[in-house]
Amino acid sequence: MTTRTVQFKIYRYDPDKDERPYMQDISVELDVKDRKLLDALTKLKAKDEGIAYRRSCREGVCGSDAMNINGKNGLACLIDIDTLKQPIILRPLPGLPVIRDLIVDMTQFFKQYHSIKPYLINNDPPPERERLQSPEEREELNGLYECILCACCSTSCPSFWWNPDKFVGPAGLLAAYRFLADTRDQATNERLDNLEDPYRLFRCHTIMNCVDVCPKGLNPTQAIGKIKDMMLARAV
Amino acid sequence: MNIPVYKFDAVIVGAGGAGLRSAIQLSEAGLKTAVLSKVFPTRSHTVAAQGGVAASLGNSEEDNWRWHMYDTVKGSDWLGDQDAIEFMCRKAVEVVVDLEHYGMPFDRTDSGKIYQRPFGGHMSNFGEKPVRRACAAADRTGHAMLHAMYQRNVKANTQFFVEWMALDLIRDSEGHVVGVTAMEMETGQVVIFHARAVIFATGGSGRIFASSTNAFMNTGDGLGMTARAGIPLEDMEFWQFHPTGVAGAGVLITEGVRGEGGILRNSNKERFMERYAPNAKDLASRDVVSRAMTTEIKEGRGCGPHKDFLLLDITHLDPAVILKRLPGIREISIQFAGVDPIKEPIPVVPTCHYQMGGIPTRYDGRVVAPGADGASTVVPGFFAAGECACASVHGANRLGTNSLLDLLVFGKSAGDTAVEDLKAGHAHRDLPADAADKARARLDALNERQGGVSVAEARAAIAGTMQAHAGVFRFSDLLQKGAAQILEVEKMVHNLEIKDKSQTWNTARIEALETQNLIEVAKATMISAEARKESRGAHVRDDAPDTPEFPNGRNDKEWLKHTLWFREGNRIAYKPVHLQPLTGEPVALKTRSY
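Heads up: the sequence lines are chains A and B, in that order. Everything in the first sequence is counted per the working numbering, starting at -19 for the first residue and increasing by one. Everything in the second sequence is counted per the working numbering, starting at 235 for the first residue and increasing by one.
These are calculated hints, taken from the structure and not from any lab test. The reader is advised that the hints may include incorrect statements.
Computed list of lysine-lysine pairs in BS3-like fashion (alpha-carbon distance at most 27 Å, straight line) [what the hints assert, rightly or not]:
id, chain 1, residue 1, chain 2, residue 2
1, A, Lys146, B, Lys389
2, B, Lys733, A, Lys25
3, B, Lys577, B, Lys558
4, A, Lys208, B, Lys389
5, B, Lys515, B, Lys503
6, B, Lys733, A, Lys27
7, A, Lys23, B, Lys735
8, B, Lys735, A, Lys(-3)
9, B, Lys725, B, Lys735
10, A, Lys13, B, Lys577
11, B, Lys725, A, Lys25
12, A, Lys27, B, Lys735
13, B, Lys363, B, Lys558
14, B, Lys558, A, Lys196
15, A, Lys27, A, Lys52
16, B, Lys725, A, Lys23
17, B, Lys558, A, Lys206
18, A, Lys(-3), B, Lys733
19, B, Lys733, A, Lys23
20, B, Lys266, A, Lys91
21, B, Lys541, B, Lys515
22, B, Lys266, A, Lys97
23, B, Lys541, A, Lys13
24, B, Lys725, A, Lys27
25, B, Lys325, B, Lys363
26, B, Lys733, A, Lys(-11)
27, B, Lys577, A, Lys97
28, B, Lys363, B, Lys824
29, A, Lys91, B, Lys389
In isolation and in its complexed conformation, chain A is listed as follows (with noise of 0.2 Å):
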């Protein structure tokens, strides 16, 4: 790519001075160099320093700068600017209360990531060394402990948005997972009864936004699928 002008449309709200949130028109000039949406992000920032939105390590592990993109979640640091039809429209992403601009309260988010409680949970005395665990039973957390938090499954998902207080969400059930297929974990059982409830797990209708949106390619959706049926081999 070249030298070119990329035209955005952003959600701005400041609650210190607009009465309302809109949609500011800017656009940037971007060089050889600018490949990602944060890059884009960066120069509009030197333009308009106003603009506000979460980011650090601008390669996709630390899952700062998560936002809505042309209408769908991902991390502005992945996403190739060249790939978005313009004006690139940013907004926060849905669901959560804004704080401002493109900056989220994540509150609701992480309380029903602590609620499963996402520590490994084994009660016998440690050993002196490491516990065992096979490279096949290993291989059972693959895809689960990558999680990055960043919100972009859970704030996709429209049973999330109905009752971000009462269901876990993809995110919080991917982790719930990930300890329940541990062979460490001796919470098995606590774990179950904790997501046995109208809500909690059983609102995932399988709609699958969060595999779609997911920037790190896991698959909450087959998680959750997995934890259901633990429930079932548990009940007969």
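Fit chain B to the known structure of chain A by using the hints.
For chain B alone, kept in the frame of chain A given last:
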């Protein structure tokens, strides 16, 4: 102005690896602990570490901590403190096993133990041949580690202040550290955290360079606060340039790629490392590999239309190995270099990666500074760990996988030492009347100034100056020019203007405050580098070449000492290297080759 005061036993600034590891010790000891972080903990930059954490578990072949210690001392070019290095290498097994018990999903060997891979500079039998010492979770070790430690803190009920930025260290008239001022990013509210112990775990500051593997937020906030509080910074001339950042993008490609068999090639497809490090080849120490690459490029054997990068080749590896052991690298290569490494080599270039220097500490995590008589004395109430600290275990050059080990070992020991202090139980010392004045003055100036310099302009000036004057190879005339120029850039930073005056999530203000920290790190680096008139580890100057009298340009007679840079007057002082380990004989000085 009335500023709210929050009272805690301990305040930890930073929730990356070191901060979270300290927090586990404090929370599990039942102490009232606040952890402040600019980002949600799992977004800290530890998350980006890839290849592994060093520990002589010996899971795949014989290994022991003495070999690890030898490699680390040699890697440091003998500038590392041997007591701290021994402490770290002996504790390595314990802290890695802790992580496994927290639930970290390490890869496994066929016998179910933690998987280990070779890494640069890690050898068996005192430098003989590469050894598998890097404990890995695929190529996402930092991510797996950071999440496991955050999760352990959730279990321990640690109290986090997420998206809070610490502004300044508070010291009383006797020099005791009694807390920090901090700002809640969402509301702009400034608060005093009054504590009996303050632990800095603020990470690195690689953003002083234009080309860096570091995250945007790695702005050296802890170093800025420490320097402003009158405490010197140690060995700031030593910066690690990682051999394999993605050309153009700067994103890290782990050395674990070479550990798994990857090879660096020049435009003639030659495996050039054989010429520079006949024994360790592509797994020589990072400073050695980065210099070799820079030399290849300088001599016209770089690749691409501008001959400005080299190639990291793994096309000869079994694709199944790449998919299993290096899946994240494949993702990064496709995303940021546009190549699938199964089919094509990855374009790479040495990129600023890690700060060996930092806040001077001992191996128990206590911060030390020269007292009235010039000898190192403890700064009471103040601890530091991880990349922001200088214990010093990395000396003039860090070995790969020793950074994750550093943050575990010293995060834990700083936490343990703080617990001991707190349990011994003195009351909170009184806050000085002017506790928040410095921070308030900086914020007021930013709010009121008109017609100043923009943050983007000042940051570009810092990064441009550092990149041009203090790179992989250093030149005496450029160092002199750079030292003068950075003081000019400092004037820009003193004149920052932000147009955005909002109290709500004001990222312009946050970036301005970060820039005020970056400039302290940049000055410390330039001035310390200009002053050190020898070549050692990552600091290699043209006027200190390899001679029979001074092999590799290293001059132990005059320069086997740590630099201390003081903000006040840009003064430089030196202190001796601890050559005596805790037990046994020192690793004797010798010429470094791989």
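Hint by hint, here is what the structure shows:
Annotation: proposed proximity of Lys146(A) to Lys389(B) holds, straight-line Cα distance about 22 Å (limit 27 Å). The suggested pairing of Lys733(B) with Lys25(A) holds, with an alpha-carbon distance near 12 Å, which does not exceed 27 Å. Distance restraint check for Lys577(B) and Lys558(B): the Cα-Cα separation of roughly 16 Å lies within the 27 Å cut-off, and the hinted pair is therefore satisfied. For the proposed pair Lys208(A) and Lys389(B), the alpha carbon gap of about 25 Å is at most 27 Å, so the pair holds.
About 15 Å separates the Cα atoms of Lys515(B) and Lys503(B), which keeps this hinted pair within 27 Å; it holds. Restraint check for Lys733(B) and Lys27(A): satisfied, since their Cα atoms lie roughly 11 Å apart, inside the 27 Å limit. Proximity of Lys23(A) to Lys735(B) is assessed by CA-CA distance (about 20 Å); at most 27 Å being required, the pair is judged to hold. A C-alpha spacing of about 10 Å is found between Lys735(B) and Lys(-3)(A), which places the hinted pair at or below 27 Å, so the restraint holds.
Proximity of Lys725(B) to Lys735(B) is assessed by CA-CA distance (about 22 Å); at most 27 Å being required, the pair is judged to hold. Restraint check: the Cα-Cα separation between Lys13(A) and Lys577(B) comes to about 24 Å, which is no more than 27 Å; the hinted pair holds. Pair hint Lys725(B) plus Lys25(A) holds up; C-alpha atoms about 23 Å apart against a cutoff of 27 Å. Taking the CA atoms of Lys27(A) and Lys735(B), the gap is near 16 Å; set against the 27 Å cutoff, the hint holds.
For the given pair, Lys363(B) sits about 25 Å from Lys558(B) by alpha-carbon distance, which is consistent with the 27 Å threshold. With a C-alpha separation of about 15 Å, the suggested pair Lys558(B) and Lys196(A) falls inside the 27 Å cut-off, and the hint holds. Restraint check for Lys27(A) and Lys52(A): satisfied, since their Cα atoms lie roughly 25 Å apart, inside the 27 Å limit. A C-alpha spacing of about 24 Å is found between Lys725(B) and Lys23(A), which places the hinted pair at or below 27 Å, so the restraint holds.
At roughly 23 Å between alpha-carbon atoms, Lys558(B) and Lys206(A) fall within 27 Å of each other, so this suggested pair holds. Proximity of Lys(-3)(A) to Lys733(B) is assessed by CA-CA distance (about 14 Å); at most 27 Å being required, the pair is judged to hold. Simply put, Lys733(B) and Lys23(A) have alpha-carbon atoms about 16 Å apart, close enough for the 27 Å limit, and the pair holds. For the proposed pair Lys266(B) and Lys91(A), the alpha carbon gap of about 22 Å is at most 27 Å, so the pair holds.
Between Lys541(B) and Lys515(B) the CA atoms are separated by roughly 22 Å; this keeps the pair inside 27 Å, and the hint holds. Between the alpha carbons of Lys266(B) and Lys97(A) the distance comes to roughly 22 Å, so the proposed pair stays at or under 27 Å and holds. At most 27 Å may separate the alpha-carbon atoms for a hinted pair to count; Lys541(B) and Lys13(A) meet this at roughly 17 Å. For the given pair, Lys725(B) sits about 22 Å from Lys27(A) by alpha-carbon distance, which is consistent with the 27 Å threshold.
Between Lys325(B) and Lys363(B) the CA atoms are separated by roughly 23 Å; this keeps the pair inside 27 Å, and the hint holds. For the suggested pair Lys733(B) and Lys(-11)(A), the alpha carbons sit about 21 Å apart, so the restraint of at most 27 Å is met. Of the supplied pair hints, the one linking Lys577(B) and Lys97(A) is violated, its CA atoms being roughly 42 Å apart against a limit of 27 Å. A threshold of 27 Å between alpha carbons decides the hint, and for Lys363(B) with Lys824(B) the separation of about 18 Å falls inside it, so the pair holds.
For the hint pairing Lys91(A) with Lys389(B), the CA-to-CA distance comes to about 14 Å; that is within 27 Å, so the pair holds.
Checked against the numbered hints given earlier, the structure breaks only hint 27 and satisfies all the rest.
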